[in-house]
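Asker: Next come the chains, spelled out residue by residue.
Protein chains: 2
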Amino acid sequence: MLIIGELINCTRKRIAKAVEKKDAKYIQKIALDQIEAGADILDVNAGIAGMEVELLPWLVETIQAVTDVQLCIDSADGAALAAALPVCKKKPMINSITDEAKVVEVILPLVAENKTQIIALCTSDEGAPQNADDRLKIASSLVGKLTDAGVPPEDIYVDPCVYPISTDINSGTAFLNSLEQMRDCCGGVNTVCGLSNISFGVPQRKILNRVFMIMAMVKNLDAVILDPRDKQMMANIIATEALLGRDEFCMNYIQAYRDGKLEVSK
Amino acid sequence: MLIIGELINCTRKRIAKAVEKKDAKYIQKIALDQIEAGADILDVNAGIAGMEVELLPWLVETIQAVTDVQLCIDSADGAALAAALPVCKKKPMINSITDEAKVVEVILPLVAENKTQIIALCTSDEGAPQNADDRLKIASSLVGKLTDAGVPPEDIYVDPCVYPISTDINSGTAFLNSLEQMRDCCGGVNTVCGLSNISFGVPQRKILNRVFMIMAMVKNLDAVILDPRDKQMMANIIATEALLGRDEFCMNYIQAYRDGKLEVSK
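Protein chains in written order, with numbering that gives the first Met the number 0: chain A, 0 to 265; chain B, 0 to 265.
Bear in mind the hints are in silico, worked out from the structure with no lab data behind them. One or more hints might be untrue.
[Said to hold, decoys possible] Subject to a maximum C-alpha distance of 27 angstroms in a straight line, what follows is the list of computed DSSO-like cross-link-like pairs (lysine-lysine): (1) B/Lys230 with A/Lys260; (2) A/Lys24 with A/Lys88; (3) A/Lys205 with B/Lys260.
Next comes chain A alone, as it looks inside the complex:
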């Protein structure tokens, strides 16, 4: 399971404040904390109105001053992406493209020219998908455009889009069913999602998010965007890998135990 740490995101007030002040030490601490907690990739979002073109490359360089971890450049602004992508030392991921014509027009050339990995969201000009078939249809269309532009399927991470069960009790199963069928639908692509939208409007959201993660792993999820400091979530992921037969002799699980990463809650 590829873990994309979500914390360096200017929609978070504390991060926005640090980025505006160019508080490199704070950003670097959050970067290293996430890696220590198990992140394989760090999402990087500098979405402050009017300043993104300047701040996004700064954020990339600030993080790269302390770690060589892969970065996921999180922006819808073509100019900011064009400024930040060439600064990345490792092959970056872009978060994200959708199947909306205006988005494809801006993002697709950046993916192709910079040979990046790309998160492909299953939304289109017709809006949000209502069911599993909608998701597969949008994915098929969008993946087709990406591969036609020369992006290899293994660089594509399709996000079928999680919507809250509070507004539609079938949101969870629609997502999971599309996840299960995604590889057959779009040969060779990976899958990714953020989790927390599933529990919007329902109490004790962490319980739902943690459980939904396990369910998604059973249905072939390859990567996830989350807060890796959630110890129970990370322990569950390590346990699920073992239970899915992906951790020979449970070596990774046992190592995590020795490292104190597998606390049992009451």
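Model the placement of chain B on the given structure of chain A, informed by the hints.
Answerer: This is chain B only, laid out in the frame that chain A set:
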């Protein structure tokens, strides 16, 4: 999800002690505790050598003095079952039958005559199943014998048998794959399992047991034998039901929250 509370079992020292002394109050407390914690059925095991014929009916009557919950009579002793089954006020479940000739000979007539529900374990005279296909083959044979004897499929709970991932890393997936195919293989039957065997020989077993429960629910598990006092396990089950679209408007989840049953661990 049908929850079968596992605690009243004489393989547990404290229970064996209470049963030998005919300490009705202690047994009744454990019965009521399990129901309060969410058990729908109570497993009842009086497996003390030489005393089961006397103690099993006593245990049934002791529990029935304080609750009318359904009981799952857990014995391999035909005489003890014959003594205990007629005492049950509600239609009992028997735990268990296997596809071993000697077991079928003893248990099958008791199931048919007493019109009980039955847990059908996927083991045979050839031993334990090695993979999903073995499980489906044994299930098909055993379910055939049960239905031929007049047992309706809806009274049959097939247990594909959980084995530890510590001895075979594919144990989890073999179990889950057989679970997913069981309804197609043996039309109309239910599925059941105990969980804890999966984590035998691995540290922090509760993490693995709790995660495996969610995975099994994704693969159509209908019933489970467990300790319902494990609050995190029970919270996960309630969350999984909601995420599988089985809890309209999340009413059961929200009620559990109001009842203080959904604590979030760190």
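Asker: Taking the hints in turn, state whether each one holds.
Answerer: Hints and how they fare:
1. B/Lys230 with A/Lys260: holds (21 angstroms)
2. A/Lys24 with A/Lys88: holds (20 angstroms)
3. A/Lys205 with B/Lys260: holds (14 angstroms)
This entry satisfies every hint, going by the numbered hints stated previously.
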